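Student: Please build the complete structure, drawing on both the sequences and the hints.
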Amino acid sequence: MAFKKSAVPFSGTAEQEERLRAVIAEHKDDPGALMPILQKAQDIYGYLPIEVQTIIAEALEIPLEKVYGTVTFYAQFSINPKGKYRISVCLGTACYVKGSGDIFNKLQERLGIGNGEITPDGKFSLDACRCIGACGLAPVITVNDDVYGRLTVDDVDKILEKYK
Amino acid sequence: MDKINTLDQLNAVKAKAAEVVKVRVEGNVCDVRDVLVCGGTGCTSSGSMKIIEKLEEEIKLQGLEGKVNIIKTGCFGLCALGPIMIVYPEGTFYSKMELSHVPEIVESHLKNGVPVKKYLYAETVDNDTIKSLNETKFYAHQHRVALRNCGLISPEHIEEYIARDGYQALYKVLTSMSPDDVIDVMLKSGLRGRGGAGFPTGRKWQFAKASVSDQKYVCCNADEGDPGAFMDRSVLEGDPHSVIEAMAIAGYTIGANQGYIYVRAEYPIAVERLQIAIKQAEEAGMLGDNIFGTGFSFNLGLRLGAGAFVCGEETALMSSIEGNRGEPRCRPPFPAVKGLFAKPTILNNVETYANVCQIILNGPEWFASMGTEKSKGTKVFALGGKIHNTGLVEVPMGTTLRTVIEDIGGGIPNGKKFKAAQTGGPSGGCIPAEHLDIPIDYDNLISIGSMMGSGGLIVMDEDNCMVDIAKFFLEFTVDESCGKCTACRIGTKRMYEILTKITEGKAEMEDLDKLEELCYYIKDNALCGLGQTAPNPVLSTMRYFKDEYIAHVRDKRCPAGVCKSLLSFKIDPSLCKGCSLCAKKCPVGAISGELKKPFSIDTSKCIKCGLCASNCKFGAISKS
Chain A
1 MAFKKSAVPF SGTAEQEERL RAVIAEHKDD PGALMPILQK AQDIYGYLPI
51 EVQTIIAEAL EIPLEKVYGT VTFYAQFSIN PKGKYRISVC LGTACYVKGS
101 GDIFNKLQER LGIGNGEITP DGKFSLDACR CIGACGLAPV ITVNDDVYGR
151 LTVDDVDKIL EKYK
Chain B
1001 MDKINTLDQL NAVKAKAAEV VKVRVEGNVC DVRDVLVCGG TGCTSSGSMK
1051 IIEKLEEEIK LQGLEGKVNI IKTGCFGLCA LGPIMIVYPE GTFYSKMELS
1101 HVPEIVESHL KNGVPVKKYL YAETVDNDTI KSLNETKFYA HQHRVALRNC
1151 GLISPEHIEE YIARDGYQAL YKVLTSMSPD DVIDVMLKSG LRGRGGAGFP
1201 TGRKWQFAKA SVSDQKYVCC NADEGDPGAF MDRSVLEGDP HSVIEAMAIA
1251 GYTIGANQGY IYVRAEYPIA VERLQIAIKQ AEEAGMLGDN IFGTGFSFNL
1301 GLRLGAGAFV CGEETALMSS IEGNRGEPRC RPPFPAVKGL FAKPTILNNV
1351 ETYANVCQII LNGPEWFASM GTEKSKGTKV FALGGKIHNT GLVEVPMGTT
1401 LRTVIEDIGG GIPNGKKFKA AQTGGPSGGC IPAEHLDIPI DYDNLISIGS
1451 MMGSGGLIVM DEDNCMVDIA KFFLEFTVDE SCGKCTACRI GTKRMYEILT
1501 KITEGKAEME DLDKLEELCY YIKDNALCGL GQTAPNPVLS TMRYFKDEYI
1551 AHVRDKRCPA GVCKSLLSFK IDPSLCKGCS LCAKKCPVGA ISGELKKPFS
1601 IDTSKCIKCG LCASNCKFGA ISKS
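Protein sequence lines, in the order shown, are assigned to chains A and B.
So in this note's numbering, spot 82 of the first sequence is number 82, and the numbers just go up one at a time.
If you want this note's numbering, it's the 1-based position in the second sequence plus 1000.
By construction, these hints were calculated from the structure, which means they are not laboratory data.
None of these values were measured; they are calculated from a predicted model.
For glycine and all other residues, C-beta sits at the position ideal for the given N, C-alpha and C.
Do not rely on the hints blindly, as some may be mistaken.
As the list claims (entries may be wrong) - Computed from the model, here is a short list of chain B residues facing chain A with C-beta under 8 Å: (1) G1042; (2) E1135; (3) G1225; (4) P1227; (5) F1230; (6) I1321; (7) F1341.
Tutor: See below:
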């Protein structure tokens, strides 16, 4: 999977770093601590820029390469910032056979961005996601925590309008 | 809740809680009504939490406090009809609930005892009588073992689980059975792993028990990654204690005092309910030190996945719990010898665990009496795709696909024709109409080129292109291949490229032979289950739908009209009224003509988006 270098400069606060250090201290001695720490770090910062990975690597006394290797392995970790509104299109089988591929294409066309990208104003980011298990509502997209189901291509504009 | 140390204390909690769930189990026994609202992911996504808020508000308003209990449950199974609400003691079934329905239902039904028929699930209303849920086609064919408590109890109250015989199996095992007795029962029951491969659970436990080590682990695979499968999530959301109790039993059996549940982070509701359930089990003394005063200790930790399909593979999952990249490793040594943190480990799937306590309590013979010769018990399927009743169904092994799709699933919408059922996710295959009457079990599915997998069952109709579906799964595998072994990393990519050529009409007949050869090469050489099974969607569609492949390659035509490069749109001059709507809608200006005369499409400009055809009021535009 290719990662683009983030164009947005890192702007972590001292308060965020303090929270991160507290998380590291809490998990440091657990077996397999790296995954839970990365998950919580992403909750704190919204993504995992190299600056955050460096803090974690140094605190856990493990090579940065190992942290980076783990971060880039899992789809859920992002080294790019996400938009204010994170749009995910479910491309699981149930959604796909009901046309979520067309909905994904339409969103790309309307937002002018591709999979894993963010609009220049930082408002929307778009991701294709794995099955979220709401197959009864297929096809499904989520915008942050809101779920929209039983969609057709024509619903895309209406949904985007809500967040403009 | 106080700590439970003895059977008497457990039974005291059970007796008290049994009163609470009685109205749901036995019917009309008291003047309290229980309103059960589904809090599974499907119904939550369609707004069931707001329905609960509105119900609470309305109940206060109409002075019914204390007379109506609102219970948030796990999944009822009929996700297509969500949000779902059931009112006991009658067991009336309200479907597709909307906020505006609430006041009327509260006043008429909850206050005055008259169900509001117009909001009920249509199939339960027959002239004047209202049928209970169990009489509907969707539920009548089902037999619920793993899902027995889903949609019946509140998953956030351990007492309700105890009321349904919860933790009795653990007590029985700890006080009256040796580890070998437990293994014997599991072997006799014939329970096989529900995660896909179908390995006998008793044998797995036997191997792990035989390994000598100072530390062993029990793991639960809740990394349900097969797209379209959501039964494990529903068990965790609806009945998390059944998994926790079974893991403790497994721990006692193999000699482990620590367990881990590895659950997908994409399932926030399941994670939350598990956290609550583990905390309650610890408080009640069902997890922790010296359980039931027997000296047996068992602790449970939760680990979240981070979106990697390969982590469903056992060695990859363990690597991920250890905090590493989730890459599989060679077996042997098998995890029963050297697993998590290099210690003997067993890993079972959620649905497998959900069967364990029932087998202990009812006996292996009871379990073995269900199913086929080599596949015992029941199986939960997640029905999805082109089918009326999308949702979760649990049927005895050996039920035919036809029963599941036509009777329980209600058939295919819009009068379309069945084309194939896909089982086993990206590792499985497509089953054509000619095999609809084969009894479903592990071995039969493999013999027809598919596999059980975790139980996703996606129905496809005549509008689905089988080459496109095969390509869809390969795209998934290419994306999810961890990259460790060459056969999978490069092989699946090459397969995907050939499939892309086919769907774009650029392939030759010899490409089909190459594709097939590549399939067998990857099957034989990939390191783990993900790679070894990745060619299955291609092999099974080539086996049953070869004519579709040939149509794409030789005739440059997609019979289902899905593959865009092979489509062309045409305006029928005899039907076109020259209204110009299509020309206005066309995003690339490919349509032109004179008003009130037939228009035409410039195929060199057309991007085949289909907007013209969907907007034409006269049905004059067709694709072929």
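Student: Taking the least C-beta to C-beta distance, is B/G1042 closer than 8 Å to chain A?
Tutor: 4 Å, holds
Student: Please verify that hint: B/E1135, Cβ, nearest Cβ of chain A, below 8 Å or not.
Tutor: 22 Å, violated
Student: Classify the hint on B/I1321 as holds or violated, based on whether any CB of chain A lies nearer than 8 Å to its CB.
Tutor: Hint holds; B/I1321 Cβ to chain A Cβ min 5 Å, cut 8 Å.
Student: Let's test the interface hint: is any C-beta of chain A closer than 8 Å to that of B/G1225?
Tutor: With Cβ-Cβ at 7 Å, under 8 Å, it holds.
Student: So, as I understand it, the hint says B/P1227 touches chain A; can you test that by seeing if any CB pair is closer than 8 Å?
Tutor: 3 Å, holds
Student: Is the interface hint satisfied for B/F1230? The criterion is a beta-carbon contact with chain A at less than 8 Å.
Tutor: It holds, given that the least Cβ distance between B/F1230 and chain A is near 4 Å, below 8 Å.
Student: Holds or violated: B/F1341 as interface residue toward chain A, Cβ cutoff 8 Å?
Tutor: For B/F1341, the interface hint holds, since the closest Cβ of chain A sits about 6 Å away, which is under 8 Å.
Violated hint for the displayed structure: number 2, the only one.
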